[in-house]
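First to last, the sequence lines map onto chains A and B. So that you can map any letter, position 313 of the first sequence is 312 in numbering that gives the first Met the number 0, and since no number is skipped, the others follow by simple counting. So that you can map any letter, position 195 of the second sequence is 194 in numbering that gives the first Met the number 0, and since no number is skipped, the others follow by simple counting.
Please keep in mind that the hints were generated in silico from the structure rather than gathered at the bench. Computed from a predicted structure; not experimentally measured. Among the hints, a few may not be true.
Listed next, with one range per pair, are the computed distances between beta-carbon atoms [unchecked claim]:
(1) A/270 x B/268: 55 to 61 angstroms
(2) A/162 x B/27: 51 to 57 angstroms
(3) B/290 x A/37: 43 to 49 angstroms
(4) A/112 x B/291: 40 to 46 angstroms
(5) A/319 x B/0: 52 to 58 angstroms
(6) B/218 x A/38: 52 to 58 angstroms
(7) B/142 x A/41: 58 to 64 angstroms
(8) A/37 x B/317: 44 to 50 angstroms
(9) B/112 x A/179: 35 to 41 angstroms
(10) B/272 x A/40: 58 to 64 angstroms
(11) B/272 x A/319: 23 to 29 angstroms
Calculated cross-link-like contacts (lysine-lysine; reagent style DSBU-like; alpha-carbon spacing at most 30 angstroms) [said to hold, decoys possible]:
(12) B/119 x B/2
(13) B/274 x A/233
(14) A/268 x B/269
(15) A/319 x B/319
(16) B/304 x A/268
(17) A/319 x B/2
(18) A/269 x B/319
(19) A/172 x B/233
(20) A/172 x B/161
(21) A/274 x B/233
(22) A/319 x B/266
(23) A/233 x B/268
(24) B/266 x A/233
(25) A/266 x B/266
(26) A/233 x B/319
(27) A/268 x B/266
(28) A/269 x B/266
(29) A/172 x B/2
(30) A/141 x B/319
(31) A/304 x B/172
(32) A/269 x B/269
(33) A/269 x B/268
(34) A/268 x B/319
(35) B/274 x A/266
(36) B/172 x A/161
(37) A/319 x B/269
(38) B/233 x A/319
C-beta atoms are modelled at their ideal positions from N, C-alpha and C, and glycine is treated no differently.
Protein chains: 2
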Amino acid sequence: MKKYSVAVVGVGMVGIEMLRVLKERNFPLGELRIFARSARDIDVDGENYAVKTITPESFKDIDIALFAGTEGEKGAAVRFAPQAIKSGAIVIDNGGDFRLRSDVPLVVPEVNPGAIKRHKGLIANPNCTTIQMVLALNEIYKRFGLEQIILSSFQAVSGAGKKAVEELWEETKEAAARRTPHAARQKINTDISSEKRGAWSVKRGAPQLAFNAIPQIGSFGEQGYTTEEWKTVKETHKIFEDSSIRITSTCVRVPVFVSHSEAIYFKTKKNTCLKEIEEVLKRSEGVVFFKDPQDFPLPLGTQGKDEVFVGRLREDPFNKDCFWLWCVSDNLRKGAALNAVQIAELICSVRGETSDKDLDAQH
Amino acid sequence: MKKYSVAVVGVGMVGIEMLRVLKERNFPLGELRIFARSARDIDVDGENYAVKTITPESFKDIDIALFAGTEGEKGAAVRFAPQAIKSGAIVIDNGGDFRLRSDVPLVVPEVNPGAIKRHKGLIANPNCTTIQMVLALNEIYKRFGLEQIILSSFQAVSGAGKKAVEELWEETKEAAARRTPHAARQKINTDISSEKRGAWSVKRGAPQLAFNAIPQIGSFGEQGYTTEEWKTVKETHKIFEDSSIRITSTCVRVPVFVSHSEAIYFKTKKNTCLKEIEEVLKRSEGVVFFKDPQDFPLPLGTQGKDEVFVGRLREDPFNKDCFWLWCVSDNLRKGAALNAVQIAELICSVRGETSDKDLDAQH
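Model the full structure from these sequences, guided by the hints.
Written as structure tokens, this is what we have:
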């Protein structure tokens with residue numbers, strides 16, 4: 000069996016999870032190189048990995064470079080992907096910088112595997128919130144079409160990286176020690192000025208994560224929607240190759256460490272019924288569906304798991320062909336590292352079928 | 000000024016808040032009697048109150064009896080309201096047992112004050128989730144009508160009472176000590192059996208509140224919706240006296256102590272625009288509206304406040320006359336105690352205008 004040399008760039012929460020996933024899935028790994036801003040040794044689940052800084056020779060002979068760029072700021076791929084591609088690697092970027100470019104495939108392997116063929120050296124991993132929604136709705140879309148999606152998300156702090164996780168722990172400990180929901184630290188003070196009672200202004204910095212629900216992820220963009228909310232619209236349109244789906248969302252940060260939850264309301268194009276949607280969800284790849292309303296997925300139960308978990312499917316009693324579902328998935332796994340490694344596996348299987356020359360030609 | 004003798008039944012979180020609100024608002028209080036299952040002295044903000052058990056004479060000469068019945072189990076009003084009414088008191092019940100009865104007005108004073116006139120001795124306080132939604136949408140409904148409401152709620156644990164608040168504190172402390180999101184206690188273990196990976200079954204008891212998002216409030220009822228979700232439909236229909244509004248919701252418990260948040264998506268009947276909705280929200284009684292998307296209300300900032308706070312108003316880019324708003328309010332204040340005391344104030348103002356004889360006749 001052919002083996003592939005892989006580079007992982009970044010050892011934040013997603014990079015670490017990529018190392019785990021590569022190992023767990025017995026990825027046909029040749030050489031593994033790990034890069035980050037500073038060289039050091041790291042320990043992942045008892046295994047030691049050497050981390051190096053990137054030099055001009057770093058991507059030589061690398062087949063696949065996994066970029067674990069975080070969101071919110073520019074990913075490492077902006078700076079280093081051109082070098083990796085030039086060296087002959089195929090870049091899979093978890094960052095948000097290239098996703099909507101017409102020459103960059105945006106891939107969820109269970110949904111649009113064919114799209115990778117159109118790559119020009121870089122394939123983008125979608126946003127975590129989008130991935131689990133698109134996977135939950137994939138077979139429903141393919142069978143019945145989708146006219147409308149209305150999403151409210153309940154997003155874990157790990158989606159904002161290591162520092163946010165650390166912040167939630169610190170706030171939680173402080174609040175527990177003081178036995179007040181308000182942590183002590185001045186920077187996360189949520190007292191309200193008399194002019195703007197009850198409101199938090201983003202100008203004042205990041206609000207306290209613990210014991211709160213924050214309706215802002217990313218920054219504010221067009222029409223008062225956040226960048227995160229627009230991702231759920233534009234990335235879904237691109238993945239399904241269908242911008243006729245009317246999608247709108249409210250994305251909210253909640254004090255959960257790992258796994259995003261989503262209350263998804265959708266309307267199909269074709270006439271259907273609860274029974275048919277159930278049947279479709281039961282046989283959806285990558286989805287675990289719970290039919291009994293009394294069984295439902297929770298963030299705490301899905302951490303570290305690969306699938307997208309769907310429960311609480313029900314009809315809107317007043318609107319035909321409209322349904323709710325509750326969808327939970329580990330944002331670091333299927334929402335990021337796992338999906339990226341699955342894209343790498345797709346590349347391997349394509350390489351297995353075609354000659355390297357073909358691939359280089361596409362490249 | 001006429002004074003009114005008031006009884007408060009129940010000294011859980013809502014009962015205590017009623018005592019606070021009565022004091023803060025300078026309610027024209029004559030005698031105040033406080034009842035609960037066991038007699039004792041309690042301290043509220045440094046003031047001592049004597050709590051007694053209910054006897055056959057308890058409601059003699061009481062004008063208004065505020066029942067702070069908790070949800071989930073039958074409220075105290077089921078047992079004691081008949082006695083209070085027979086003694087001549089008007090009962091205001093925060094419990095959920097009588098709300099949908101045709102002979103019981105369901106009142107949010109800013110929305111449908113006129114409904115109290117139809118009472119037969121008992122007036123019901125709506126569910127907390129419903130009150131803040133109805134108040135946020137009140138003027139919009141009156142001006143433009145509402146065709147559809149799609150609600151996702153982010154509800155505080157205090158809505159489930161003192162024990163749930165205690166449970167969240169204990170879980171938080173344990174998790175902080177262990178530095179794992181999973182608290183130690185067996186009863187809140189969320190490990191997943193192999194057959195039902197990722198799912199929580201309600202048959203296993205209540206899931207951990209800390210670091211979780213639980214899409215079940217109340218018990219499961221018709222068509223897979225919970226009792227809480229049906230309340231947002233049926234109580235809203237009753238308060239607006241309009242069952243043509245197509246309402247559907249997903250109600251979720253989040254690790255927040257006080258204040259419910261709601262992502263509300265709505266479609267107006269008449270044609271309108273963002274500017275008009277903004278104008279209407281600005282002059283909505285009981286509502287504080289933040290126009291700038293960068294100012295938004297948070298649960299941590301609204302605890303202890305009386306108003307319903309609304310922000311993040313925006314249009315659905317793809318659907319005409321459809322909008323989102325983010326609505327936050329203290330579930331123990333406007334969602335329960337304050338609304339009940341406001342109903343009591345309405346009764347007083349009606350009594351001030353009419354003779355006691357008139358009121359007794361209605362009664």
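Each hint, compared with the structure:
Taking 55 to 61 angstroms as the suggested C-beta distance range, the pair residue 270 of chain A and residue 268 of chain B does not conform, at roughly 25 angstroms. Residue 162 of chain A and residue 27 of chain B have their C-beta atoms about 53 angstroms apart, which keeps the hinted 51 to 57 angstroms range intact. With their beta carbons about 45 angstroms apart, residue 290 of chain B and residue 37 of chain A fall inside the hinted range of 43 to 49 angstroms. Checked against the hint of 40 to 46 angstroms, the pair residue 112 of chain A and residue 291 of chain B passes, with Cβ atoms roughly 43 angstroms apart.
At roughly 56 angstroms, the beta-carbon separation of residue 319 of chain A and residue 0 of chain B lies within the given 52 to 58 angstroms, and the hint holds. Evaluation of the 52 to 58 angstroms hint for residue 218 of chain B and residue 38 of chain A yields a pass: the beta carbon distance comes to about 56 angstroms. About 60 angstroms separates the C-beta atoms of residue 142 of chain B and residue 41 of chain A, a value consistent with the hinted range of 58 to 64 angstroms. Separated by about 45 angstroms at the C-beta atoms, residue 37 of chain A and residue 317 of chain B satisfy the suggested range of 44 to 50 angstroms.
Distance hint for residue 112 of chain B and residue 179 of chain A: a CB-CB separation of about 36 angstroms, consistent with the stated range 35 to 41 angstroms. Remark: the range hint 58 to 64 angstroms for residue 272 of chain B to residue 40 of chain A is upheld by a beta-carbon distance near 59 angstroms. Against the hinted window of 23 to 29 angstroms, the Cβ-Cβ separation of residue 272 of chain B and residue 319 of chain A comes to about 28 angstroms, which satisfies the hint. Restraint check for residue 119 of chain B and residue 2 of chain B: satisfied, since their Cα atoms lie roughly 22 angstroms apart, inside the 30 angstroms limit.
Of the supplied pair hints, the one linking residue 274 of chain B and residue 233 of chain A holds, its CA atoms being roughly 26 angstroms apart against a limit of 30 angstroms. Taking the CA atoms of residue 268 of chain A and residue 269 of chain B, the gap is about 25 angstroms. The hint holds against a cut of 30 angstroms. Using a Cα cut-off of 30 angstroms, the hinted pair residue 319 of chain A and residue 319 of chain B holds, with the two alpha carbons roughly 19 angstroms apart. Between residue 304 of chain B and residue 268 of chain A the CA atoms are separated by roughly 44 angstroms; this puts the pair beyond 30 angstroms, and the hint is violated.
Restraint check: the Cα-Cα separation between residue 319 of chain A and residue 2 of chain B comes to about 54 angstroms, which exceeds 30 angstroms; the hinted pair is violated. About 22 angstroms separates the Cα atoms of residue 269 of chain A and residue 319 of chain B, which keeps this hinted pair within 30 angstroms; it holds. Distance hint between residue 172 of chain A and residue 233 of chain B is unfulfilled; the C-alpha atoms sit about 41 angstroms from each other, more than 30 angstroms. A distance of roughly 21 angstroms separates the Cα atoms of residue 172 of chain A and residue 161 of chain B; the hinted pair therefore holds under the 30 angstroms criterion.
A C-alpha spacing of about 26 angstroms is found between residue 274 of chain A and residue 233 of chain B, which places the hinted pair at or below 30 angstroms, so the restraint holds. In summary, the hint linking residue 319 of chain A to residue 266 of chain B is supported, as the alpha carbons are separated by about 16 angstroms, within the 30 angstroms threshold. Taking the CA atoms of residue 233 of chain A and residue 268 of chain B, the gap is about 28 angstroms. The hint holds against a cut of 30 angstroms. A threshold of 30 angstroms between alpha carbons decides the hint, and for residue 266 of chain B with residue 233 of chain A the separation of about 23 angstroms falls inside it, so the pair holds.
For the proposed pair residue 266 of chain A and residue 266 of chain B, the alpha carbon gap of about 15 angstroms is at most 30 angstroms, so the pair holds. For the given pair, residue 233 of chain A sits about 19 angstroms from residue 319 of chain B by alpha-carbon distance, which is consistent with the 30 angstroms threshold. A threshold of 30 angstroms between alpha carbons decides the hint, and for residue 268 of chain A with residue 266 of chain B the separation of about 20 angstroms falls inside it, so the pair holds. A distance of roughly 22 angstroms separates the Cα atoms of residue 269 of chain A and residue 266 of chain B; the hinted pair therefore holds under the 30 angstroms criterion.
This hinted pair does not check out: residue 172 of chain A and residue 2 of chain B have alpha carbons roughly 48 angstroms apart, beyond 30 angstroms. Annotation: proposed proximity of residue 141 of chain A to residue 319 of chain B holds, straight-line Cα distance about 26 angstroms (limit 30 angstroms). Between the alpha carbons of residue 304 of chain A and residue 172 of chain B the distance comes to roughly 26 angstroms, so the proposed pair stays at or under 30 angstroms and holds. A C-alpha spacing of about 27 angstroms is found between residue 269 of chain A and residue 269 of chain B, which places the hinted pair at or below 30 angstroms, so the restraint holds.
Our distance criterion of 30 angstroms between C-alpha atoms is met by residue 269 of chain A and residue 268 of chain B, whose separation comes to about 25 angstroms. Restraint check for residue 268 of chain A and residue 319 of chain B: the C-alpha separation of about 18 angstroms stays at or below 30 angstroms, so the hint holds. Simply put, residue 274 of chain B and residue 266 of chain A have alpha-carbon atoms about 28 angstroms apart, close enough for the 30 angstroms limit, and the pair holds. Among the hinted pairs, residue 172 of chain B with residue 161 of chain A is consistent with the structure: their alpha-carbon atoms are about 21 angstroms apart, no more than 30 angstroms.
The suggested pairing of residue 319 of chain A with residue 269 of chain B holds, with an alpha-carbon distance near 22 angstroms, which does not exceed 30 angstroms. Between residue 233 of chain B and residue 319 of chain A, the direct Cα distance comes to roughly 19 angstroms. Compliance with the 30 angstroms bound is thereby established for this hinted pair.
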